[in-house]
Amino acid sequence: MVDKSLELFDSGHRACGGCGAALAARLVLKGAGKNTIVVSSTGCMEVFSTPYPETAWKVPWIHSLFENAAAVASGVEASLKKQGRTEKVVIMGGDGATFDIGMICISGAFERGHDFTYICYDNEAYMNTGIQRSGATPYDASTTTSPAGKCSFGNKRPKKDMPQILAAHGAPYVATASVAYPADLMQKVEKAINTKGPCYLQVHAPCCTGWGFEGEQTIAIAKLAIETGLWVNFEMIDGKVAKVKKVVRKPVEEYLKTQKRFRHLFKPKRQDAEIAAIQAIADRNAEKYGIDIKLKKE
Amino acid sequence: MMEITEGSHAIAKIVARCRPQVVSAYPITPQTHIVEALADYVADCKLDADYITVENEMSALSACIGASAAGSRVYSATTSQGLALMFEACFNAAGMRLPIIMSIANRALGAPLSIWNDQQDSISLRDSGWLQFYAEDNQEATDMHIIAYKVAEDHSVLLPVFVCFDGFILSHTYEPVDMLPQEDVDKYLPKFTPYEKLDAEDPISFGMYATPEYYHEFRYEIDRAAKRAADVYRKAAKDFAGMFGRDYSGLIEEYRMEDAETAIVAMGSICGTIKDAIDEMRDAGKKVGLVRIRVFRPFPDKEIAQALAKTKRVAVLDKNISLGSKGAVALEVKDAMYGKTIPVLYYILGLGGRDVRKRDIAAIVALAEKGEGDMFYGLRKEVL
Amino acid sequence: MGLAVGCRAKPGKARDNRTGSWRVFKPSFDRGKCTKCGMCMTLCPEGCIHQTEEEFVEPDYTYCKGCGICGEECPGEAIAMKQEEK
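Residue numbers (numbering that gives the first Met the number 0), protein chains in the order written: chain A, 0 to 297; chain B, 0 to 383; chain C, 0 to 85.
Misleading hints may appear alongside valid ones.
[As the list claims (entries may be wrong)] Cut-off 25 angstroms, straight-line C-alpha distance, at most; resulting in silico cross-link-like pairs (PhoX-like, lysine-lysine):
| # | chain 1 | residue 1 | chain 2 | residue 2 |
| --- | --- | --- | --- | --- |
| 1 | C | Lys9 | A | Lys57 |
| 2 | A | Lys268 | A | Lys149 |
| 3 | A | Lys81 | B | Lys186 |
| 4 | B | Lys196 | A | Lys81 |
| 5 | A | Lys249 | A | Lys159 |
| 6 | B | Lys237 | B | Lys186 |
| 7 | A | Lys33 | C | Lys81 |
[Stated by the list, open to error] Restraint-style ranges between C-beta atoms, simulated for each label pair:
| # | chain 1 | residue 1 | chain 2 | residue 2 | range |
| --- | --- | --- | --- | --- | --- |
| 8 | B | Ala240 | A | Gly129 | 48 to 58 angstroms |
| 9 | B | Cys44 | A | Ala167 | 26 to 36 angstroms |
| 10 | A | Lys259 | C | Gln50 | 31 to 41 angstroms |
Since the hints were derived computationally from the structure, they do not count as laboratory data.
None of the values given here were measured: they were computed from a predicted structure.
Note that beta-carbon positions come from the ideal geometry of N, C-alpha and C, so glycine has one too.
All chains should be built: construct the whole structure from the sequences, respecting the hints.
So this is what it looks like as structure tokens:
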């Protein structure tokens, strides 16, 4: 068992107040423990935690480039193996680094079967460069490169299904988690690093600056994502869904209304068809993963 | 032991004797025979390394970055398009001060696509912080890998090295090569001692970013290390000569320069042809000599200026072109010769595998004597 | 003395950056209502809330950015965010 009381991500980092990614970094390190080497891709987390010489990482840490973290980690793992060392290798990449620019690298590393855990902190856009859409941006979210306008409702495509893609690579352990459920998140990290082979954990990490809400709401909004079925917390073992967080679902608009990135769906005019399309995404998630708790009829 | 072997196989054998713990590479012509041979060694337990079969060159170098930072001696090889794909990681590896050794089987860069030799690939990375050694023959290419590890891993250098040799012309040619046995390589090249490494017992952050308050100084430090590498190279090569008899300790090699009126400056396998052509021209009474650049980074400007000081003219042969400007070697030779009145002319030749023969060298010397130069040499008639 | 080779650093220096100066709203903790559940400690993105000897919680105001997650998520409503006088 890892000692989860250890603080391995130091205070003094430059993340915004209420940052979901900073909380994710802290919780991931608590789950992973101090016998861990972290490989980061370029991104918000890398930038807010490592302006020279002020590193917030109390475990060994390396950043090389935006797209190559999985390959750097492959090299770290190979080197440790040759030296007979026991540290666990954990990659921390944002959704841009994971879903988009690092995709080839990740696919190669998972196919080769390195023993590492890839953690994507998913804040659903390129936040470091100023909130541009990525392959993880949800349908209809307004970003600086998918702005809502007179003839646009924002991002035109639903989120890429990375967990399924990596499960299809034969990853022994694939899971999703959320900063709103810290015990579950830490437990999944611990499980992943103790599973041999390439494991993937995708962590929902709301971004107050990018999504447009007050920092104090980070956890509440992450919870709403799960309670509406727009984010599903699950575990897949050897490609099969083994565990799912079940909920009594709320309508998606309770989640959408909390964030400026979806404001155009309500103002100046309520866009019923678009809200219905997003509700349909949640309904499909609910059906696919069986998340609905059926209430007994009176 | 003297062996008649293909250049790639000689290099692979010696690289294995340098005992890299992690090898990561991707197939690309004309480098592939090296990494195939290394894969064989690993498969036969002749090399105790983890061989990472990456999905592209960007990942090949990235894996080396990770493995080097974790404390292993590492090796990769590439060329041309593969090196171009590594561009970003090349700057990164040097900036992170990781002593990675990479063989470059020099090849042209597209477009148009060409698998044949010139030196555009490594030359295009001249500003990346990698040291660059250029071999004339397979003996030198092979020995240089051992010296490269010694220089790169020196704690006063800590920079990666390209060991460059001409694709096909050397990589695929069978030549006799004196292969140093394992005991000799071990005697010369001790076990890798990383300056610092990723280690849970003593955590360090690698690859932090630098604000404007620091970036300038970090680049200064890399430049200073690259310049320090000149002396480290000289000493490493001298030690090598002392132990094994082959002397590569000059950053440049001078050939029949004692009273030369026309000096040729070049790099790589073309220098063998040039030496033969010089012998013939000397027999015919022409005072021609060669300055071969063995170490292009750090650039040996003082040595070059000194070697060329008493000549009447200099002809720089560039197997590359900085498009819209000049040959890259010529640019640097001109800089080394700044303030002197000796004309420095450049000739772009041998691009994309175009053969360069002794008669071409003689023709270039004749052009130089007439003061004609700064040209693409030997163009087809339809473009004239 | 030169800079660290390759832009590297050992842990500890992040603490030179006292992010408490960013704060607008300051959390104040009511020990009467605190159930010592530790939720605020777990959810603080700064990791700057610690337990005292009596197991009550106390933030390190040197680093607390005043984001308000602790106040929002405290099950006992024991944390109030108050505008700070500076």
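Going through the hints against the structure:
| no. | hint | in the structure |
| --- | --- | --- |
| 1 | C:Lys9 <-> A:Lys57 | holds, 8 angstroms |
| 2 | A:Lys268 <-> A:Lys149 | holds, 12 angstroms |
| 3 | A:Lys81 <-> B:Lys186 | holds, 22 angstroms |
| 4 | B:Lys196 <-> A:Lys81 | holds, 14 angstroms |
| 5 | A:Lys249 <-> A:Lys159 | holds, 23 angstroms |
| 6 | B:Lys237 <-> B:Lys186 | holds, 15 angstroms |
| 7 | A:Lys33 <-> C:Lys81 | violated, 36 angstroms |
| 8 | B:Ala240 <-> A:Gly129: 48 to 58 angstroms | holds, 57 angstroms |
| 9 | B:Cys44 <-> A:Ala167: 26 to 36 angstroms | holds, 34 angstroms |
| 10 | A:Lys259 <-> C:Gln50: 31 to 41 angstroms | holds, 36 angstroms |
Violated hint: 7 only; the structure is consistent with all others.
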